Each structure stands twice: as C-alpha cells, then as structure tokens.
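Numbering-wise, the sequence shown is residues 1 to 170 according to the UniProt record's numbering.
Any given hint could be a false lead.
Here are the simulated lysine to aspartate or glutamate pairs, EDC-like style, with alpha carbons at most 20 Å apart [to be verified]:
{"#": "1", "residue 1": "Lys102", "residue 2": "Asp49"}
{"#": "2", "residue 1": "Lys102", "residue 2": "Glu162"}
{"#": "3", "residue 1": "Lys72", "residue 2": "Asp49"}
{"#": "4", "residue 1": "Lys71", "residue 2": "Glu114"}
{"#": "5", "residue 1": "Lys102", "residue 2": "Asp118"}
If you are wondering where the hints come from, they were derived from the structure by calculation, not from laboratory data.
Please read all numbers here as calculations on a predicted model, not as lab measurements.
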Amino acid sequence: MNLLMQRSEERKDLPKVYATNTFFYPKLMQSGQAGLRRWTRKVDIFAHDLLVVPVHLGVHWCLSIVDFRAKKINYLDSMGGRNQACLDALLQYLRDEHQDKKGAPFDDNGWKTECLRDIPQQMNGSDCGMFACTFAEFSSRNAAYTFTQAHMPYLRRKAALEILTGKLLL
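Turn these sequences into a full structure, and let the hints guide you.
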C-alpha cells in the first residue's frame with residue numbers, strides 16, 4: 001500500500017492515494033473516529049482522490065475504497081460478501097474526521113455506498129489478500145479490474161518483485 005501512495009506522489013497523472021494500515025479498520029469498528037484521531041494527525045485525507053482501506057475479517061481480506069472524486073465508498077470482496085457495516089462506518093468516519101480536522105460538517109449529499117458485485121472472484125481459500133492488493137493497485141491507476149484467479153501466480157511474483165525493488169512495475 002505504501003508503494004501505491006509513493007507512486008501517486010510521483011505520477012501526477014494518477015489519482016492521489018492515501019492508504020490506511022491494516023489496523024485502521026478494526027480500530028474504526030472498535031472505537032470509531034475518536035480512536036483514530038491521532039492516526040491522521042498529519043494527513044488531510046480529504047486532499048486525496050482515493051482513501052484505500054484494507055479490511056481484515058479474521059481469516060479473510062477485503063478492501064474498501066473511498067473515492068472523493070465520485071463521492072462513493074466501495075466495498076470489494078473477492079468471495080462476493082457484503083459488508084454494509086463497513087460502508088456505514090467509513091461514511092460516519094468521514095463525517096467525524098471532517099468535523100474534527102476541518103471544523104465543519106462533512107457534506108455527504110450525493111455520496112453513495114456500494115458492495116461491488118461484478119468484480120473478479122477468487123476460486124480458492126487463500127488468494128483473498130492478493131485480490132485485495134490487486135483491487136487497490138488497479139484502482140490506484142483508474143484501471144478496470146481485468147484480472148482473474150488465473151493471474152494470481154503471476155501477480156504474486158510481480159508483488160514480490162515490487163516489494164523487493166521498492167517500486168511498482170506499472
């Protein structure tokens with residue numbers, strides 16, 4: 001996720017991305033924005049195009065993406081699950097964070113939340129993390145989700161190379 005943020009800083013033709021760490025979602029669900037206040041002390045999430053939130057559900061990884069440009073919060077689950085509680089919590093987080101950091105109510109007029117259905121699905125019980133990372137990577141460059149389960153071995157090797165070199169290939 002850090003590489004996505006780094007690339008978005010270097011490439012002005014791509015959306016400006018802020019990605020939370022993997023502890024953000026559980027803390028949000030446990031404590032709400034108050035428990036996360038210091039986590040974004042030095043970050044204006046509203047100055048970004050996308051807020052990428054990894055969602056860990058115990059034994060399964062999903063992803064949520066806040067798109068400030070489209071006024072939309074999407075939930076992406078490679079096993080087809082729905083999580084309206086996540087979407088509701090993120091919208092409330094935006095309200096609370098905006099009030100806290102900007103001193104004004106968040107204008108949520110026109111905002112939509114959606115559990116995306118027509119997205120690539122995993123066919124095993126072990127690739128959810130790669131699907132979540134790949135959803136994030138494709139979203140961070142405005143690309144359609146054109147990958148499938150069959151691409152996972154390649155995408156795993158690609159991710160390993162990117163981590164080792166500290167640079168995304170695309």
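Check the structure against each numbered hint from earlier and tell me which ones fail, lowest number first. Numbers 2 and 5 - these are the hints that the structure violates, sorted from lowest upward.
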